[in-house]
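Chains A and B, in that order, are what the protein sequence lines are.
So the first sequence is numbered by my numbering: it starts at 1 and just counts up by one.
So the second sequence is numbered by my numbering: it starts at 1 and just counts up by one.
In short, the hints are calculated from the structure, not lab data.
Using N, Cα and C, we set each Cβ at its ideal position, and we do this for glycine too.
Watch out, some of these pointers could steer you wrong.
Each computed BS3-like pair below joins lysine-lysine, with the alpha-carbon atoms no more than 25 Å apart [unchecked claim]:
| no. | chain 1 | residue 1 | chain 2 | residue 2 |
| --- | --- | --- | --- | --- |
| 1 | B | K325 | A | K30 |
| 2 | A | K344 | B | K17 |
| 3 | B | K464 | B | K23 |
| 4 | A | K30 | B | K42 |
| 5 | B | K325 | B | K42 |
Chain A stretches covered by chain B per the calculated footprint, using a threshold of three residues with CB under 8 Å from any CB of chain B [unchecked claim]:
| no. | segment |
| --- | --- |
| 6 | 139-148 |
| 7 | 151-163 |
| 8 | 339-347 |
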Amino acid sequence: MEIKRSPISHQSCDGVDGHHLLVSVSPHLKADITVSRIMWTVVACLMPPLILSVFVFGFQTLIITAVSVASCLATEVISQKLLGRPVTIKDGSAVITGLLLAYVIPPGVPLWMPVFGAVMAIFVTKIIMGGLGFNIFNPALIGRAFLVATYPVAMTTAWLAPIRNAAIFRNMGAGVDAVSSATPLYVLKHYGMAAMLEQFGSRASVYTDFFIGFRPGCIGETSALLLLVGGLYLIYRGYIHWHIPVSIIATVGILTWIFGGEGMFTGDPLLAVLSGGVMLGAFFMATDYVTSPTQRSGQIVFGIGVGALTVLIRLKGGYPEGVCYAILLMNPLTPALDQWFKPKRFSQGAVQ
Amino acid sequence: MGDKGALMMAPLATFPKGGVHPKENKDLSSALPIETMPDPSKVSLFLKQHVGTPCQVAVPHRPDPRGDQAVSEDLLFSSGHPGALFRLLVDKKDRVRQGDRIGEIGTQLGAVLHASVGGAVLGVKNILHYQVGKAPAIVIRTDPEAVPATCMPVDWRRFSREQIQERIAAAGIVGLGGAGFPTDVKLNVKPGVKLDTLILNGAECEPYITCDHRVMVEKARQIVEGAKILLTVLGITYCAIGVENNKPDAIAALNEAIDHADSTDGFKIEVKPLAVKYPQGSADQIMQSITGRVRPSGQRSSSIGIIVQNVYTTKMVYDAVVLGKPLTERVITVSGRAIARPANLRVKIGTHISEIADYLGGTTADLCKVVVGGPMMGFAVSDLDMPITKTTPGLLFMNHDEVDARAHGPCIRCGFCLDACPMGLEPNNIGIYVEAGRGAETEPFGLMDDCFECGSCAYVCPAKRPLVQFIRLARLEINQARKLKEAREQKRKAG
């Protein structure tokens, strides 16, 4: 190849000699990481709980999840087309919203419900706020909050009892009759610990079942183990920090231990973090980049706030579960937390 | 991300906050010995290759008397050019020898300029500069028969401090690491400033670039001797040479040179291997890595007792003081996967990029981007007909695989840039403000004093946002707003 002395064009020109030199501001190297890689990794980390939910609640969970994801994608495409914005479904964020929305609704709801939730989550919460990066609230949780407000009966009673021993697959032809059931937190709130243990087994087996995921609950929230595996992988990859999940889980545990029992310091912290949506919320919802603080110190305050509000709602509120509202209440504080907790400037370490 | 590998070994000195680990790509050129390129057909020497005011031209602008390449008059500056650009210091001399002083700075901050080749002065032309658009440069057409100047080594120890500084100033030495601050001025520490450490910066943290590496391997003794000259001028005894640990041969060569040097003169010089982390070679970061001290914002490094000099600058100081050799050539790394033959090339200052590319066999068909400098802080150019300067460490010819030209998306507030910024700034917010047309309000983010545009933020950004570009725009807008404010206040005072 011969280099010519004539000017070589850049960007839009074809170039005098066929060369097409790109010009841009430094740096000229970029890390491999992309937004869509992060998003699709989160999607992958969310798959194990979905697969387990089929064993626990039946194929219904797959169908609800598929409807939810498809509705989210469709809402994004349609609304972006209508608004004349570039369509961004490839970045994977709508898929995450669809998954998370399905994960926080009960397995026994009718199929049109996630569709409504998806429209609220994607169009109202994300697209009209300016799209990815500009929403104030977690889209999936707004979808859930909307459904709880509009269809409270279905959203608080459509629970299914877990199916044991993979019966769902052994009786493929006959199908398994879904048995409705109250959630452990509901029983605990209204009938006390003794009733809860009577219904769900001995204390030891309750811990094991809840940890693995065999309990009534929303589609994707039941398996602490699988959510932990996915969350820890995201931390290992450096995609999320440990600060939000740890501070949420610790706060829920400590406050429940102090205030959650018959007397002070008699609550069951382990049960508190294994039940409801604590694990799902802590690792996959409160860590949403857009709606949580960027600084570690701000993230700890955010996590403590989410944990404290969760326990407050659980113990004093009208709902047995509070993670969803706790996160939604902390979301709008994010800009303030980012304002209060700034990165430490290099020269702040200077000794005069 | 993270120092997973480094944790296994003994911890190396490094800076704690921020930093990134781009792919080094130094193996393209790190083993290639320094090679000297023959004199180019012409050189273009910018009047400003340093921090400070441009040189005043010290040659007349008459065309070559043989007239075969007369320069058209409109390309020349008229003698009515503002300022003393045409103070003709070298009277009626239109041919210069290599090493002739052709640019003077008088009493102002700057560095003198020398003819890097012998030949005919074609004039002063406005020439494309990779950083500032067009800038005036003295163009010299090389005379192939010109005899290069010869230098006789002298014993520097017989010079006084002032004489050493004069020799450094006379050689036109500037910081070769990229900043281009005149070295003699940097060494001219005000009385009362207490110094205790000289740091020689051999980190060379920019990917691809290996010129300092090769100079350390091949000229270690001159560097160590240069360190002693600098210590003598500064009146201190301790010097640490910071080298990133990915250059074991450079560390070994420097240690060998230190052992070989006369140790009875009371100087303590040692090599400090540093963790491989960009931007280890930034002055603030290398000072913190080696001494743990942090420079307060807006102050000089001497305020914390340290002077930092690039290793290659130190070698040039040796040449200037011992050999009386002016800065007329330097080693640059020519690398990237789109140049036919990568090299560590000794070239004359002012050589045009096109001639360098030609000398190395040209470029490949998939050439995508040409960068002057390193890939993290260098400048992409659209035209190869522009010269290198005293502060050019390298040229990169990158192909399509090496260049990430993906379009950027919105900020997802992941905070990666906040973790990557070594200065603790908020590139994410600066970008968002600039996009919203409010760049002038970004001053509280500290970019005016602290950002040195290392590019770590834009490197890690998963949305591929051009954060350095946003920061430069913010700087422009802040400066415009300041000027506007000043003008308004003056008006108010007047009215």
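A quick look at each hint next to the structure:
Only pairs whose Cα atoms come within 25 Å are accepted, and B:K325 paired with A:K30 is rejected, the gap being roughly 40 Å. Between the alpha carbons of A:K344 and B:K17 the distance comes to roughly 9 Å, so the proposed pair stays at or under 25 Å and holds. With a C-alpha separation of about 17 Å, the suggested pair B:K464 and B:K23 falls inside the 25 Å cut-off, and the hint holds. Annotation: proposed proximity of A:K30 to B:K42 is violated, straight-line Cα distance about 36 Å (limit 25 Å).
Of the pairs offered as hints, the one joining B:K325 and B:K42 holds, with about 21 Å between alpha carbons and a cut-off of 25 Å not exceeded. For the segment 139-148 of chain A, the stated coverage by chain B is violated: 0 residues have a C-beta nearer than 8 Å to a C-beta of that chain, whereas at least 3 were required. For a cut-off of 8 Å, the count of residues in the segment 151-163 of chain A with a CB near a CB of chain B stands at 0, and the three-residue condition is violated. Only residues whose beta carbon comes within less than 8 Å of a beta carbon in chain B count, and the segment 339-347 of chain A has 6; three or more means the coverage holds.
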